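In case you want the letters, here they are:
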Amino acid sequence: MLYLELFLQGLLQGSIYALVAVGLTLVYGLLRILHVAHAGLYTLGGYFAVLVFNSTGSLMLSGIVAMFGVGILGVIIYRLCYEAILDQPPYVPLIASIGLFIAMEELYRILFGSYGVSYTNPPLQQMLPLGGLYLREGEWVTILVSIILIGGLAWLSSRTRLGLAWRATVTDPQMAESFGIDPIRVRYLNFFIGSALAGTAGMIVGILNNLVEPTMGSVPSYKALAIIVLGGLGSVRGTLVAALALGVVESFGTIYLGNVLNRDAIAFVFLILVLMVRPQGMFRGV
Amino acid sequence: MGYEISLLTFMGISIIGSLSLNLITGFCGQVSLGHVAFVGIGAYTASILTKADTTFFVALLAGMLLAGTFGVMVGLASLRVRHDFLAITTMGVNFVFLGVVREQEWLGGELGISSIPDPGFGKLGFLALVLGCVILVALLSLQIRRSWMGYVFEAVSGDEDTARMLGLDVSRYKLIAFALGTALAGLSGGLYAHHVRFIFPDSFAFVESITLLAMVVIGGNGSILGVIVASALLSVLPQWFQFIGDYKLLLYGSLLFVVMRFSPGGLAGLAQNLFPKSKKSFVPKENQ
Amino acid sequence: MKLKNILSLIPALFMFFGIAWAETVKVGFNVPLTGFAAADGESALNGAKLAVNQANANGGINGKQIELVIYDDQASPKEAVPIANRLIEKDGVKVAVSGSYSGSTRAAAGVFQAAGIPYISAYAIHPGITRAGKYVFRTSFMGEVQGRAGALLIGQTMQLKRVVVITLKNDFGKSLAAGFKAEAANFGIDIINEYEYSIRDRQFGPIVAKVRADKPDAIYASGYFFTAGPLVNQLRSGGVTVPVIGQEGYDSEQFIKIAGAASEGVIITTSLDRDSNSPETRSFITEYEKFTGNKVDMVAASGHTALNVVITALRKAGTSNPEAIRNSIAQTQLTAATGHISFNGLGEVRKNVQVQIVRNGDWHYHSEIRDQKLLAPPES
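One line per chain: the protein sequences are A, B and C, in this order. Using this note's numbering, you'd call the opening residue of the first sequence number 1 and step up by one each time. Using this note's numbering, you'd call the opening residue of the second sequence number 1 and step up by one each time. Using this note's numbering, you'd call the opening residue of the third sequence number 1 and step up by one each time.
Don't read these hints as lab results, they were simulated from the structure. None of these values were measured; they are calculated from a predicted model. Accuracy of the hints is not assured; some may be wrong.
[Unchecked claim] Derived DSBU-like pairs: lysine-lysine, alpha-carbon spacing no greater than 35 Å straight-line:
| no. | chain 1 | residue 1 | chain 2 | residue 2 |
| --- | --- | --- | --- | --- |
| 1 | C | 49 | C | 316 |
| 2 | B | 51 | B | 123 |
| 3 | C | 295 | C | 64 |
| 4 | C | 316 | C | 290 |
| 5 | C | 316 | C | 373 |
| 6 | C | 134 | B | 51 |
| 7 | C | 295 | C | 181 |
| 8 | C | 26 | C | 64 |
| 9 | B | 51 | C | 90 |
| 10 | C | 373 | C | 181 |
| 11 | B | 123 | C | 316 |
| 12 | C | 295 | C | 316 |
| 13 | C | 64 | C | 49 |
| 14 | C | 134 | C | 90 |
| 15 | C | 26 | B | 123 |
| 16 | B | 51 | C | 181 |
| 17 | C | 49 | C | 90 |
| 18 | C | 49 | C | 134 |
| 19 | B | 123 | C | 134 |
| 20 | C | 161 | C | 316 |
| 21 | C | 373 | C | 64 |
| 22 | B | 51 | C | 373 |
| 23 | C | 26 | C | 49 |
| 24 | C | 49 | B | 123 |
| 25 | C | 90 | B | 123 |
| 26 | C | 290 | C | 49 |
[What the hints assert, rightly or not] Listed next, with one range per pair, are the computed distances between beta-carbon atoms:
| no. | chain 1 | residue 1 | chain 2 | residue 2 | range |
| --- | --- | --- | --- | --- | --- |
| 27 | A | 3 | B | 104 | 25 to 33 Å |
| 28 | C | 53 | A | 132 | 53 to 61 Å |
| 29 | A | 58 | C | 213 | 33 to 41 Å |
| 30 | A | 252 | C | 370 | 37 to 45 Å |
| 31 | C | 365 | A | 273 | 48 to 56 Å |
| 32 | A | 148 | C | 53 | 53 to 61 Å |
| 33 | B | 148 | A | 3 | 53 to 61 Å |
| 34 | B | 247 | C | 275 | 34 to 42 Å |
| 35 | A | 132 | C | 190 | 27 to 35 Å |
| 36 | C | 178 | A | 7 | 26 to 34 Å |
| 37 | A | 57 | B | 247 | 29 to 37 Å |
| 38 | A | 252 | B | 276 | 54 to 62 Å |
| 39 | B | 276 | A | 183 | 28 to 36 Å |
| 40 | C | 213 | A | 273 | 27 to 35 Å |
Every residue, glycine too, gets a C-beta built ideally from N, C-alpha and C.
Here chain A stands alone, though its shape is the one from the complex (with noise of 0.2 Å):
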């Protein structure tokens, strides 16, 4: 029992991981940039939903807010960032990445308190035993939201005609632009939905811990690279299975591993002996 409820702890923290990864991926697939400042957008995610929680009592407006005004953000920060600097050398980007996102976290600091914000009535926070197994309810829905929003995203990528766009300009963005996509429609779609994702991470780890604070992207930020590089860059598939895998791998090596490598170093031990075995990651990305 106990080792299924680790395995448990572990595909939740994972599905978070995923969440945040999975947007990371995208950007990285269509335009190969390291999106480290995706994790300001994860922090803000969590600030929307808690201030407009705090304020309106609604859930389902949070959600909203945190998903909507942080993916329409995501779009922002391509146009007036990434889109000047798309042929220089990979550092360059990544280096401004760096700089944006240490702007955001000094920007939360100062904006909204060191402290960090709390929920004043937090939601979901009953437990919610099922089957034995002891999940709170807002973890619960923590592992069904990533479900639909995955497997929604899955959906989209392969069923419609966006999603179709959207796999060909990653595959070859000239004979894609050839065939009449708008190749810059699809970039500000990749970054909405990435960023919504990383928004909608932020919300549930915000709820989950009932603290947002000003440095909450910090691990996501780097860990969120391991993942997608463990995943194969660019693969959404791999980059979901790679996020589950290190949340699985973390769950047992807190409690087993603790006190010989700390859990970040656990991540990437696992990312380092994974690369030198198959260099390409997990799964063979773009």
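Go by the hints and put chains B and C onto chain A.
For chains B and C alone, coordinates are given in the frame of chain A:
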């Protein structure tokens, strides 16, 4: 004068650190996001040795050797993975280094190593030593750039596959770049440890690797002068900006962003644009 | 004397008083104001500022106003060393306080010690800090001392035996755990398991699941409000109902805000007794809330206490001789917001441990630990 001396000493140590990364990332084009791990290896090695009564210079050298050795191992990784994959792998190296150091009590664990012995040169003497090292490293970089090695580095940085087709032993030179760059990072670490005389895992956190990379990139990837200027400025910026107080880091992040967004060639690129007729090539060919 | 001569003295007299008026007593203060440690920095600074304001309102140091010379060290040793040099040389401080974390404090301590300027660590707990030399003092508990107190609290006061230890992986958590483990057997405690987490962790699902399987009598968990809050919340939601005992890292309103209803009944070892009748403590609590609009926390109380030690020493020893100031600090017998303060030979504080408990959403008195033998900090 103690204040100015300590600032200049930190500046010098930062310059050595960023010049060492410049060899790997700037000259040879291998992006390393975990460079400070090697600074750390040098720091810890030198400190443990001097606390065990080893002579300062021997300890420093030992730190460089050990850092360089680990550097070659990471360099081997660079033969398997490239570009973004390599960047993330090197980031991983940083975290694994931290993870190991945090858990090992003989390395100080979370408490780090305190009361590192004073090498005995006095503040001014130590500064002279650091500046001497800066000059040596800068000259070494210049010499490498002008040499055949520099040529191969530039070829690998530009287009690795073509370089291989031309018959260049790409693997060997990548390893050399890593060995040299990480050994010099170890030097920077040993000097740092004996200046502050206290080190702990947080001194070598991932954010410090980013800082080093930022110094290289803002200076102008590959440009020795640019990197020196950028490191000098960025390392003492927080002290100068004390009066800005609350907005210091915000400014730092925005600066990184603005420079990359509007002048990706860094300071060197900026200089190139302002003085196009200058004979000196500030920027390696690929950024023009 | 001729009138002309007397009149000519008047400008000299003005100058003399003017200088005395304008002259301030400078106390150095390095504190993290930006970066990840900004929250604690803010609290420490506010506590320190309050102490200075209160002293200035009472005539300062023999008529001279106290000026806090503040620099942001971002909790980084690299920044703290130049700041220490700057305080000593450019600002000419004869005494300084650290409102910052262990790394920066330890680095700065070396500089102050070498320059013979007394330096007090308000809340940084690294053991190496006071070992930098005789000019360095600390007004907060060493981790291992507080850990021992925790063992007494759980084993003796609460009579609980089977304990799970959850340790924050940094110098604070590790030294707390070390102190706890050293004394655990003496109080009949059996440590069934120990789990570690890092300072950035906020989700403790795996640990909660394992603790539930362990079925302990009590949990001894180290952390700060931003880790302990989520941890306690998740423990309770996870069905773990046994007492949770923490330390002064929890001691903040923020902990109660984050953990919500789960914070009820949490017990901590700390230095601040919010139910205290001591006028120093009461006045600190009321005036701090008026000054900042926030409720008090441990870090603010530490900053306040450290400054009060400095102010008292300055009043006794004068403001110009660092050696005299240092000796005065060493002989401190002061009742501050955090209780009666004195120092041992190493510069470590001797004071009682307050035990607080959360009742009805607020911190309240639970008990006190006065065993000075148990609490004796190391002498070297």
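Consistency of the hints with the structure:
Between residue 49 of chain C and residue 316 of chain C the alpha-carbon distance is near 21 Å, which keeps this suggested pair within the 35 Å criterion. Taken as a hint, the residue 51 of chain B and residue 123 of chain B pair is honoured in the structure, with Cα atoms around 20 Å apart against an allowance of 35 Å. A C-alpha spacing of about 30 Å is found between residue 295 of chain C and residue 64 of chain C, which places the hinted pair at or below 35 Å, so the restraint holds. A threshold of 35 Å between alpha carbons decides the hint, and for residue 316 of chain C with residue 290 of chain C the separation of about 29 Å falls inside it, so the pair holds.
Straight-line distance between C-alpha atoms of residue 316 of chain C and residue 373 of chain C comes to about 30 Å, which keeps the hinted pair within the 35 Å bound. For the suggested pair residue 134 of chain C and residue 51 of chain B, the alpha carbons sit about 21 Å apart, so the restraint of at most 35 Å is met. Distance restraint check for residue 295 of chain C and residue 181 of chain C: the Cα-Cα separation of roughly 33 Å lies within the 35 Å cut-off, and the hinted pair is therefore satisfied. Pair hint residue 26 of chain C plus residue 64 of chain C holds up; C-alpha atoms about 10 Å apart against a cutoff of 35 Å.
Proposed proximity of residue 51 of chain B and residue 90 of chain C is supported: the alpha carbons are some 32 Å apart, at most 35 Å. For the proposed pair residue 373 of chain C and residue 181 of chain C, the alpha carbon gap of about 17 Å is at most 35 Å, so the pair holds. A C-alpha spacing of about 34 Å is found between residue 123 of chain B and residue 316 of chain C, which places the hinted pair at or below 35 Å, so the restraint holds. Between residue 295 of chain C and residue 316 of chain C the CA atoms are separated by roughly 32 Å; this keeps the pair inside 35 Å, and the hint holds.
Only pairs whose Cα atoms come within 35 Å are accepted, and residue 64 of chain C paired with residue 49 of chain C is accepted, the gap being roughly 16 Å. Taken as a hint, the residue 134 of chain C and residue 90 of chain C pair is honoured in the structure, with Cα atoms around 23 Å apart against an allowance of 35 Å. In summary, the hint linking residue 26 of chain C to residue 123 of chain B is supported, as the alpha carbons are separated by about 25 Å, within the 35 Å threshold. This hinted pair checks out: residue 51 of chain B and residue 181 of chain C have alpha carbons roughly 29 Å apart, not beyond 35 Å.
Proposed proximity of residue 49 of chain C and residue 90 of chain C is supported: the alpha carbons are some 21 Å apart, at most 35 Å. Taking the CA atoms of residue 49 of chain C and residue 134 of chain C, the gap is near 26 Å; set against the 35 Å cutoff, the hint holds. Pair hint residue 123 of chain B plus residue 134 of chain C holds up; C-alpha atoms about 21 Å apart against a cutoff of 35 Å. Between residue 161 of chain C and residue 316 of chain C the CA atoms are separated by roughly 48 Å; this puts the pair beyond 35 Å, and the hint is violated.
The straight-line distance between the Cα atoms of residue 373 of chain C and residue 64 of chain C is roughly 40 Å, outside the 35 Å bound, and the hint therefore fails. For the hint pairing residue 51 of chain B with residue 373 of chain C, the CA-to-CA distance comes to about 33 Å; that is within 35 Å, so the pair holds. Of the supplied pair hints, the one linking residue 26 of chain C and residue 49 of chain C holds, its CA atoms being roughly 13 Å apart against a limit of 35 Å. Between residue 49 of chain C and residue 123 of chain B, the direct Cα distance comes to roughly 33 Å. Compliance with the 35 Å bound is thereby established for this hinted pair.
A C-alpha spacing of about 17 Å is found between residue 90 of chain C and residue 123 of chain B, which places the hinted pair at or below 35 Å, so the restraint holds. Simply put, residue 290 of chain C and residue 49 of chain C have alpha-carbon atoms about 13 Å apart, close enough for the 35 Å limit, and the pair holds. Checking the proposed 25 to 33 Å range against residue 3 of chain A and residue 104 of chain B shows it holds: the Cβ atoms sit about 29 Å from each other. The supplied range of 53 to 61 Å is met by residue 53 of chain C and residue 132 of chain A, whose beta-carbon atoms lie about 58 Å from each other.
Between residue 58 of chain A and residue 213 of chain C the beta carbons are some 38 Å apart, a value that agrees with the proposed interval 33 to 41 Å. Separation of residue 252 of chain A from residue 370 of chain C is about 44 Å and conforms to the stated range, judged on CB atoms against 37 to 45 Å. At about 53 Å, the CB distance of residue 365 of chain C to residue 273 of chain A agrees with the hint of 48 to 56 Å. Restraint check, residue 148 of chain A to residue 53 of chain C: a C-beta distance of roughly 55 Å satisfies the suggested window 53 to 61 Å.
In this structure the supplied range 53 to 61 Å holds for residue 148 of chain B paired with residue 3 of chain A, their Cβ-Cβ distance being about 59 Å. Separation of residue 247 of chain B from residue 275 of chain C is about 40 Å and conforms to the stated range, judged on CB atoms against 34 to 42 Å. Checked against the given bound of 27 to 35 Å, the beta carbons of residue 132 of chain A and residue 190 of chain C, roughly 28 Å apart, stay inside it. For residue 178 of chain C paired with residue 7 of chain A, a C-beta distance near 33 Å keeps the hint of 26 to 34 Å intact.
Judged by the Cβ atoms, the range 29 to 37 Å given for residue 57 of chain A and residue 247 of chain B holds: they are separated by roughly 34 Å. Between residue 252 of chain A and residue 276 of chain B the beta carbons are some 59 Å apart, a value that agrees with the proposed interval 54 to 62 Å. Against the hinted window of 28 to 36 Å, the Cβ-Cβ separation of residue 276 of chain B and residue 183 of chain A comes to about 33 Å, which satisfies the hint. For the pair residue 213 of chain C and residue 273 of chain A, the supplied restraint of 27 to 35 Å holds, since their beta-carbon distance comes to about 29 Å.
Checked against the numbered hints above, the structure violates hints 20, 21; every other hint is satisfied.
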